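Numbering-wise (my numbering), the sequence shown opens with residue 2 and increments by one.
The set of hints was computed from the structure by calculation and includes no laboratory data. Owing to the predicted nature of the structure, the values given are computational and were not obtained by experimental measurement. Note that the Cβ used here is the ideal one computed from N, Cα and C, for glycine as well. Mixed in with the good hints there might be a few duds.
Quick list of the computed label-pair ranges, beta carbon to beta carbon [what the hints assert, rightly or not]: (1) Asn82 <-> Phe135: 18 to 26 Å; (2) Glu83 <-> Ala130: 15 to 23 Å; (3) Ala142 <-> Pro200: 31 to 39 Å; (4) Pro200 <-> Gly136: 36 to 44 Å.
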Amino acid sequence: MPLTPEEPQIHESAQGPRATPAASRPAPTPRPVPGPRTAASPRPGRPGPGPARPTPAAPRPQASGTQQAARPENRSGQSRNEPQIQLIPAPLDGALDAAEEAVDLLLETGRAPGDILVLTTGEQHPWAAHELSFGEASYWAQHDARDDVFFADASALDRASARPVVVVAVNGGDDATTARALPAALSRAGALLIVCGEPKRINAALGTAL
Numbered sequence: 002m003p004l005t006p007e008e009p010q011i012h013e014s015a016q017g018p019r020a021t022p023a024a025s026r027p028a029p030t031p032r033p034v035p036g037p038r039t040a041a042s043p044r045p046g047r048p049g050p051g052p053a054r055p056t057p058a059a060p061r062p063q064a065s066g067t068q069q070a071a072r073p074e075n076r077s078g079q080s081r082n083e084p085q086i087q088l089i090p091a092p093l094d095g096a097l098d099a100a101e102e103a104v105d106l107l108l109e110t111g112r113a114p115g116d117i118l119v120l121t122t123g124e125q126h127p128w129a130a131h132e133l134s135f136g137e138a139s140y141w142a143q144h145d146a147r148d149d150v151f152f153a154d155a156s157a158l159d160r161a162s163a164r165p166v167v168v169v170a171v172n173g174g175d176d177a178t179t180a181r182a183l184p185a186a187l188s189r190a191g192a193l194l195i196v197c198g199e200p201k202r203i204n205a206a207l208g209t210a211l
């Protein structure tokens, strides 16, 4: 029966949107899976609140004094087979920051994280304090794995094994503590010992000038 002019025609295109076949829909982008830590990865960061373990912090801008860590000079007169000693001047409350910056620079210049041991003579590094909250067994297991930079108190140096680079932050403790820690740290350093702190205090504790 023919349509009258008053009756609108219904076209196929007016029947609503067609369903898109499932095969033509874009596949969801897969989420990246974290991989193992490499030498270019940042060092362990300061832990935040909560029970979760800390995530690595972004590298800090490098201070001019820490740039010597990548190209250290032998300032103590050791033979080529003995570790070199590098002094990075820093105030007592800035020694730990200077040590962290030295670690950042070492990692950026190709040093493997597992090559580095960081010691503190005063307050513990926040990473060490946080990891110890999970128990000493878990804490020292990370040291033995040698997969990452390890932070420890100088008083626990007897339990620490040698690493190519040892960084000491003289951030507290008395002169006797510093005098005991530095020679012990030197004995653990395979290639380089970096000492961050007040030069007068360090030299007085060692009885020699660095």
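### Message
Flag every earlier hint the structure violates by its number, smallest first.
### Response
1, 2
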